[in-house]
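Hey, can you work out the whole structure from these sequences and the hints?
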Amino acid sequence: FTITVEPMEGDRHTCGTTYDGLPADVTTGERILIDDGRVTLEVTGVDGPRVHTTVIEGGMVSDHKGLNLPGVAVSVPALSEKDIEDLRWAVRTGADVIALSFVRTGRDIDDVHRVMDEEERRLPVIAKVEKPQAVDNIDDIVAAFDGIMVARGDLGVEMPLEQVPIVQKRAIKLAKRNAKPVIVATQMPDSMIDNSRPTRAEASDVANAVIDGTDAVMLSGETSVGKYPVETVRTMARIVEAAEEDILAKGLPPLTDRNKPRTQGGAVARAAAEMGD
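For the sequence shown, our numbering begins at 642 and goes up steadily by one.
It should be emphasised that the hints constitute simulated quantities derived from the structure, not laboratory data. Keep in mind it's a predicted model, so treat the numbers as computed, not measured. Be careful, since some hints might not be right.
25 Å max Cα-Cα, derived DSS-like pairs, lysine-lysine [said to hold, decoys possible]:
(1) 891 with 814
(2) 891 with 817
(3) 723 with 706
What follows is a set of in silico ranges between Cβ atoms, one per label pair, in the way DEER data are often shown [as the list claims (entries may be wrong)]:
(4) 865 with 838: 17 to 27 Å
(5) 909 with 849: 21 to 31 Å
(6) 735 with 697: 39 to 49 Å
(7) 693 with 725: 23 to 33 Å
Don't be surprised by glycine CBs; every beta carbon is placed ideally from N, CA and C.
Structural data, given as structure tokens:
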């Protein structure tokens, strides 16, 4: 199978990509994953704009599916030209929050702020943690951005699968410590794309994210292409509410100096709690 950066209409032998740096970023023997790892290719050679591969694990590939290069430090900038155009449109249209994909360091927010400053409006920026480099630099990213998203789809193909739950828990804990919002996303009730009920494991996954302290859980394929989008939202909401009720029933942790609030709102809430005691 061949992937080319040349504009073309794809077929079962060749497809195009908008990732212009692909031929320069890959070498023979490296893997290319398509659509969150559903298709696995191995690079056999590079010929100018074309990357030739052998299919290791095949499957259906449609348009606008993502590419992952596990273990490769890709050369793409934090913001592509299209990203900049989209960001300007979002700021002008009145978006509330911006999520930046494939964040690698805390410095990646600088380009976003530069564009926002040109538009004379700054919005909160959420860093999507989905690359091993982001995991390595998670402290700086949490400090620099307004919040983080644990984007488990790409994260699960960019690093060993068994590490993803550990990264998720660490990210939630770090965000809470720094009073930054944290979102857990991707493949939560994934089976509801085709089924009207989630598996027990999926229900536990959602509940445990809430119990760990995530501020939000996010749906993706379940509502964008799934057969039961409304029922998925209702089911997810019930699981979240049940988990929150259990947390409140057990009582909030005691106030200590280690829990010193880092925001003005946190300070006000702590003062009210101390007065109540």
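Right, here's what the structure says about each hint:
1. 891 with 814: With a Cα-Cα distance of about 19 Å, the restraint between residue 891 and residue 814 holds, given a limit of 25 Å.
2. 891 with 817: The given pair, whose Cα atoms are some 19 Å apart, holds under the 25 Å limit.
3. 723 with 706: holds (16 Å)
4. 865 with 838: 17 to 27 Å: For residue 865 and residue 838 the Cβ distance comes to about 19 Å; the hint holds.
5. 909 with 849: 21 to 31 Å: holds (30 Å)
6. 735 with 697: 39 to 49 Å: Since the Cβ atoms of residue 735 and residue 697 sit about 45 Å apart, the hinted range of 39 to 49 Å holds.
7. 693 with 725: 23 to 33 Å: holds (32 Å)
Of the numbered hints given earlier, the model fails none.
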